[in-house]
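A.B. asks: Chains A and B, in that order, are what the protein sequence lines are.
For the first sequence, the UniProt record's numbering begins at 1 and goes up steadily by one.
For the second sequence, the UniProt record's numbering begins at 1 and goes up steadily by one.
One or more hints might be untrue.
Unchecked claim - Calculated pairs, DSS-like style, for lysine-lysine (alpha carbon to alpha carbon, straight line, at most 27 Å):
{"no.": "1", "chain 1": "A", "residue 1": "K173", "chain 2": "A", "residue 2": "K367"}
{"no.": "2", "chain 1": "B", "residue 1": "K173", "chain 2": "B", "residue 2": "K367"}
{"no.": "3", "chain 1": "A", "residue 1": "K145", "chain 2": "B", "residue 2": "K173"}
{"no.": "4", "chain 1": "B", "residue 1": "K367", "chain 2": "A", "residue 2": "K173"}
Unchecked claim - Stretches of chain A that chain B covers, calculated by requiring three or more beta carbons in the stretch to come under 8 Å of a beta carbon on chain B:
{"no.": "5", "region": "161-173"}
{"no.": "6", "region": "223-235"}
{"no.": "7", "region": "326-333"}
What the hints assert, rightly or not - Okay, the calculated beta carbon distance ranges per label pair:
{"no.": "8", "chain 1": "B", "residue 1": "A83", "chain 2": "A", "residue 2": "V401", "range": "44 to 52 Å"}
{"no.": "9", "chain 1": "A", "residue 1": "G211", "chain 2": "B", "residue 2": "A83", "range": "58 to 66 Å"}
{"no.": "10", "chain 1": "B", "residue 1": "A179", "chain 2": "A", "residue 2": "T294", "range": "44 to 52 Å"}
{"no.": "11", "chain 1": "B", "residue 1": "T105", "chain 2": "A", "residue 2": "T272", "range": "45 to 53 Å"}
{"no.": "12", "chain 1": "A", "residue 1": "L275", "chain 2": "B", "residue 2": "H48", "range": "21 to 29 Å"}
{"no.": "13", "chain 1": "B", "residue 1": "D5", "chain 2": "A", "residue 2": "G183", "range": "56 to 64 Å"}
{"no.": "14", "chain 1": "A", "residue 1": "A137", "chain 2": "B", "residue 2": "R399", "range": "43 to 51 Å"}
{"no.": "15", "chain 1": "A", "residue 1": "E301", "chain 2": "B", "residue 2": "L275", "range": "56 to 64 Å"}
{"no.": "16", "chain 1": "A", "residue 1": "T272", "chain 2": "B", "residue 2": "G183", "range": "17 to 25 Å"}
{"no.": "17", "chain 1": "A", "residue 1": "A267", "chain 2": "B", "residue 2": "E274", "range": "52 to 60 Å"}
{"no.": "18", "chain 1": "A", "residue 1": "T272", "chain 2": "B", "residue 2": "I131", "range": "28 to 36 Å"}
Read the hints as simulated data drawn from the structure, not as lab findings.
Idealized CB from N, CA, C, for every residue including glycine.
Protein chains: 2
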Amino acid sequence: MPPFDVPEGDPFGPHNLPYGVFSPPGSADRTVGVRLGDHVLDAGAAAHALGSPYASLLARPTLNPLLAAGRTAWSDVRRALTAWVTVPAHRETVERFFHPLSEVTLHLPFEVADYVDFYASENHARNVGQIFRPDAADSLTPNWKHLPIGYHGRSGTVVVSGTDVVRPSGQRKAPTDTAPVFGPSVRLDIEAEVGFVVGVPSEQGSTVPLGAYRDHVFGLCLLNDWSARDIQAWEYVPLGPFLGKSFATSVSAWITPLDALEEARVAPPARTHELLPYLDDAREEPGGYDLRITVAINGHEVSECPFSTMYWTAAQQLAHMTVNGASLRTGDLYGSGTVSGPTERERGSLLELTWNGRDPLELPDGKRTFLEDGDVVTLSAWAPGPDGARVGLGEVTGRVVPAP
Amino acid sequence: MPPFDVPEGDPFGPHNLPYGVFSPPGSADRTVGVRLGDHVLDAGAAAHALGSPYASLLARPTLNPLLAAGRTAWSDVRRALTAWVTVPAHRETVERFFHPLSEVTLHLPFEVADYVDFYASENHARNVGQIFRPDAADSLTPNWKHLPIGYHGRSGTVVVSGTDVVRPSGQRKAPTDTAPVFGPSVRLDIEAEVGFVVGVPSEQGSTVPLGAYRDHVFGLCLLNDWSARDIQAWEYVPLGPFLGKSFATSVSAWITPLDALEEARVAPPARTHELLPYLDDAREEPGGYDLRITVAINGHEVSECPFSTMYWTAAQQLAHMTVNGASLRTGDLYGSGTVSGPTERERGSLLELTWNGRDPLELPDGKRTFLEDGDVVTLSAWAPGPDGARVGLGEVTGRVVPAP
Numbered sequence: 001m002p003p004f005d006v007p008e009g010d011p012f013g014p015h016n017l018p019y020g021v022f023s024p025p026g027s028a029d030r031t032v033g034v035r036l037g038d039h040v041l042d043a044g045a046a047a048h049a050l051g052s053p054y055a056s057l058l059a060r061p062t063l064n065p066l067l068a069a070g071r072t073a074w075s076d077v078r079r080a081l082t083a084w085v086t087v088p089a090h091r092e093t094v095e096r097f098f099h100p101l102s103e104v105t106l107h108l109p110f111e112v113a114d115y116v117d118f119y120a121s122e123n124h125a126r127n128v129g130q131i132f133r134p135d136a137a138d139s140l141t142p143n144w145k146h147l148p149i150g151y152h153g154r155s156g157t158v159v160v161s162g163t164d165v166v167r168p169s170g171q172r173k174a175p176t177d178t179a180p181v182f183g184p185s186v187r188l189d190i191e192a193e194v195g196f197v198v199g200v201p202s203e204q205g206s207t208v209p210l211g212a213y214r215d216h217v218f219g220l221c222l223l224n225d226w227s228a229r230d231i232q233a234w235e236y237v238p239l240g241p242f243l244g245k246s247f248a249t250s251v252s253a254w255i256t257p258l259d260a261l262e263e264a265r266v267a268p269p270a271r272t273h274e275l276l277p278y279l280d281d282a283r284e285e286p287g288g289y290d291l292r293i294t295v296a297i298n299g300h301e302v303s304e305c306p307f308s309t310m311y312w313t314a315a316q317q318l319a320h321m322t323v324n325g326a327s328l329r330t331g332d333l334y335g336s337g338t339v340s341g342p343t344e345r346e347r348g349s350l351l352e353l354t355w356n357g358r359d360p361l362e363l364p365d366g367k368r369t370f371l372e373d374g375d376v377v378t379l380s381a382w383a384p385g386p387d388g389a390r391v392g393l394g395e396v397t398g399r400v401v402p403a404p
Numbered sequence: 001m002p003p004f005d006v007p008e009g010d011p012f013g014p015h016n017l018p019y020g021v022f023s024p025p026g027s028a029d030r031t032v033g034v035r036l037g038d039h040v041l042d043a044g045a046a047a048h049a050l051g052s053p054y055a056s057l058l059a060r061p062t063l064n065p066l067l068a069a070g071r072t073a074w075s076d077v078r079r080a081l082t083a084w085v086t087v088p089a090h091r092e093t094v095e096r097f098f099h100p101l102s103e104v105t106l107h108l109p110f111e112v113a114d115y116v117d118f119y120a121s122e123n124h125a126r127n128v129g130q131i132f133r134p135d136a137a138d139s140l141t142p143n144w145k146h147l148p149i150g151y152h153g154r155s156g157t158v159v160v161s162g163t164d165v166v167r168p169s170g171q172r173k174a175p176t177d178t179a180p181v182f183g184p185s186v187r188l189d190i191e192a193e194v195g196f197v198v199g200v201p202s203e204q205g206s207t208v209p210l211g212a213y214r215d216h217v218f219g220l221c222l223l224n225d226w227s228a229r230d231i232q233a234w235e236y237v238p239l240g241p242f243l244g245k246s247f248a249t250s251v252s253a254w255i256t257p258l259d260a261l262e263e264a265r266v267a268p269p270a271r272t273h274e275l276l277p278y279l280d281d282a283r284e285e286p287g288g289y290d291l292r293i294t295v296a297i298n299g300h301e302v303s304e305c306p307f308s309t310m311y312w313t314a315a316q317q318l319a320h321m322t323v324n325g326a327s328l329r330t331g332d333l334y335g336s337g338t339v340s341g342p343t344e345r346e347r348g349s350l351l352e353l354t355w356n357g358r359d360p361l362e363l364p365d366g367k368r369t370f371l372e373d374g375d376v377v378t379l380s381a382w383a384p385g386p387d388g389a390r391v392g393l394g395e396v397t398g399r400v401v402p403a404p
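Construct the complete structure from the given sequences, taking the supplied hints into account.
C.D. replies: Structure below.
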């Protein structure tokens with residue numbers, strides 16, 4: 001079966017066409033690839049063969065040039081790619097530039113500039129508040145409903161799906177201990193998130209209003225914000241998470257363009273507090289996405305997290321991030337924050353799923369409170385697409401290896 | 001007077017030789033420059049003329065290739081430069097590659113990878129604690145003496161000295177207000193810091209012990225971590241500073257190599273708490289620097305901050321930052337945290353100098369609690385050098401311009 005003829009209902013059919021960077025079999029060269037079913041199209045080679053003007057954006061070792069090209073170019077390239085894999089006249093030319101997905105090496109698809117992580121799920125924030133501040137009058141901090149809380153993470157440790165994650169060591173201190181101890185984290189956790197990839201930069205001193213979101217953001221990926229809860233708990237007051245997060249952040253190898261997610265757009269939850277004008281999206285187009293993220297440990301599904309429940313949208317996060325005049329760069333990445341729905345099996349972290357270890361998960365290979373060495377965590381997701389099809393997001397997977 | 005013959009006692013004499021990136025008069029091209037007195041040597045052009053093997057590191061538009069070259073190359077290049085500007089046989093060749101400092105354009109000298117900011121001054125941390133948590137039993141948080149507290153900042157908004165800083169807008173909320181308001185920050189502040197520039201990267205999953213500090217860190221600069229205290233106060237619980245800091249961070253145009261600061265090394269303050277082995281520097285070479293940073297507003301000196309009082313050293317900060325396996329990249333920048341000494345006129349922020357606005361500073365042009373539009377802030381510094389000379393650090397200056 002030629003790669004064009006993906007099975008009916010394949011979530012990576014021609015309605016999807018996510019972008020990545022790969023090396024062909026037997027080569028160390030990197031170039032932009034587009035996924036179709038279980039194959040990868042060498043998009044730059046195809047563009048050259050077809051005399052396409054987009055070869056200069058696609059025959060590149062990273063997505064950054066395409067990201068920087070802007071919304072009109074994004075649409076034009078997507079339209080061209082769709083034609084190449086669906087119009088019979090192009091198919092013969094293009095067919096030889098496909099590789100089976102199983103035979104290529106996938107790389108981090110873009111050079112990450114700044115990485116910001118948000119905290120946009122009300123369910124997640126309330127769960128965390130109840131776990132760590134059980135005596136507080138409100139499980140949310142007073143600012144939570146007024147601004148999308150976020151912080152900067154370490155962009156140099158963002159890795160592509162499939163990269164092993166070394167268990168971090170660090171300081172931890174139980175409230176009853178008199179001094180901290182040092183050692184490998186004993187509360188290694190995941191955070192199931194969606195990551196948004198900025199294409200078009202902005203000037204320092206200017207802002208990016210809500211309505212300009214789609215002029216700047218190219219697409220999205222899945223993201224696992226690995227977290228060492230014990231390290232984080234001891235270090236994070238007063239300046240926030242640092243070593244509890246900075247050891248690794250995994251992203252999917254495929255970036256799904258926003259244009260592939262038109263049918264997935266939904267309104268975010270009703271707002272309970274009046275928003276300042278720069279965040280008030282009542283008159284904007286729907287800012288949420290109906291994505292469902294599945295979390296699996298060693299192949300066993302432990303959670304399904306509904307992204308549609310996120311209180312703050314990606315457009316609001318972008319408007320907030322720039323309202324102080326901070327500039328955007330091509331390759332900026334921002335995470336949604338852990339995606340947790342209202343029910344027990346819709347939570348995006350083990351912290352919540354096991355209620356800080358109180359209620360272990362029963363897996364086929366034993367109980368889990370937090371991650372054990374050798375555990376493989378896999379996030380996968382899909383969204384509704386055109387004509388009842390599903391749009392698949394690239395999975396993000398990683399294996400925990402022991403501390404040295 | 002030829003540029004070699006800097007006046008006796010010039011803090012930018014041949015014992016200093018900091019590195020920057022400049023454009024010659026009438027050109028937009030960037031190349032590495034070395035400062036001598038009030039002149040800049042086009043180091044790449046000089047290297048080419050002398051047939052030096054270091055031309056490939058110096059005839060570049062950024063310091064990154066030199067940073068990545070490693071400690072042996074750093075020493076070799078410095079030795080060569082010293083010879084070029086001091087040995088008569090080289091002077092005739094090199095003289096034509098000098099430009100007056102006043103005629104060149106200085107640029108951000110390196111591409112910033114990740115930016116981390118620490119909080120290493122005990123005086124600063126205690127002052128902030130007393131101002132914001134007056135009822136707390138201890139002005140330091142319980143973790144402060146056990147680890148160097150830090151967080152990631154926005155590397156995309158690091159700018160070179162001389163760049164205007166636009167007053168940021170954002171949310172603020174007084175405790176007595178029922179909801180936040182939006183507008184230009186009314187508590188815009190400075191933080192006088194030293195920045196450390198990483199040259200040699202490290203692998204993800206590995207650590208950089210205390211003793212490897214000089215194998216990885218190339219040199220240091222002055223750094224002003226502009227801070228909007230009102231925005232910061234409302235946003236920072238629980239995930240730390242974000243928009244209150246991310247709008248701009250200014251660094252000096254000159255990076256002083258560690259080799260120029262040998263005579264400035266001093267032991268840090270006596271440790272009051274036992275340190276975990278990875279931070280215990282009792283048997284290491286002295287980790288502090290005897291730098292004095294002067295803070296001036298519109299040319300009027302308001303503070304002189306002694307860097308030798310910093311509790312945590314740059315080597316400890318590097319060891320801590322990587323102890324969880326986080327990798328380093330060429331161009332990583334980390335700030336020391338605000339430098340504040342024990343007395344009132346040794347404080348590195350207006351927050352402390354005016355005790356959160358309670359005690360305004362009397363300047364020739366009026367009182368100051370926080371910064372006003374048009375204010376020019378300048379940090380300068382020197383350290384002891386060989387034979388009684390001073391080693392000057394490049395100044396970092398910036399003017400506050402009104403919010404749009």
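A.B. asks: Would you mind marking each hint as holding or not holding in the structure?
C.D. replies: Hints versus structure:
Restraint check for K173(A) and K367(A): satisfied, since their Cα atoms lie roughly 24 Å apart, inside the 27 Å limit. Note on K173(B) and K367(B): the hinted pairing holds, with a Cα-Cα distance of about 24 Å set against a maximum of 27 Å. Annotation: proposed proximity of K145(A) to K173(B) holds, straight-line Cα distance about 13 Å (limit 27 Å). Simply put, K367(B) and K173(A) have alpha-carbon atoms about 45 Å apart, too far for the 27 Å limit, and the pair is violated.
Under the rule that three or more residues need a Cβ within less than 8 Å of chain B, the assignment of the region 161-173 of chain A holds, with 6 such residues. With a cut-off of 8 Å between beta carbons, the region 223-235 of chain A has 4 residues touching chain B; three or more are needed, and the interface restraint holds. Remark: the region 326-333 of chain A is confirmed as covered by chain B, as 5 of its residues place a Cβ nearer than 8 Å to a Cβ of that chain, reaching the required three. Our hint of 44 to 52 Å for A83(B) and V401(A) holds, since their Cβ atoms are close to 49 Å apart.
For G211(A) and A83(B), the hinted distance range of 58 to 66 Å is satisfied, since their beta carbons lie about 60 Å from each other. Evaluation of the 44 to 52 Å hint for A179(B) and T294(A) yields a failure: the beta carbon distance comes to about 38 Å. Range check, T105(B) to T272(A): Cβ separation about 51 Å, and the 45 to 53 Å hint holds. Between L275(A) and H48(B) the Cβ separation comes to about 59 Å, which falls outside the hinted range of 21 to 29 Å.
Taken as a hint, the range 56 to 64 Å holds for the pair D5(B) and G183(A), whose Cβ atoms sit roughly 59 Å apart. The supplied range of 43 to 51 Å is met by A137(A) and R399(B), whose beta-carbon atoms lie about 44 Å from each other. For E301(A) paired with L275(B), a C-beta distance near 44 Å fails the hint of 56 to 64 Å. Between T272(A) and G183(B) the beta carbons are some 24 Å apart, a value that agrees with the proposed interval 17 to 25 Å.
One distance hint, 52 to 60 Å for the beta-carbon pair A267(A) and E274(B), holds here, with the actual separation near 55 Å. For T272(A) paired with I131(B), a C-beta distance near 33 Å keeps the hint of 28 to 36 Å intact.
Checked against the numbered hints given earlier, this structure breaks hints 4, 10, 12, 15; the rest are met.
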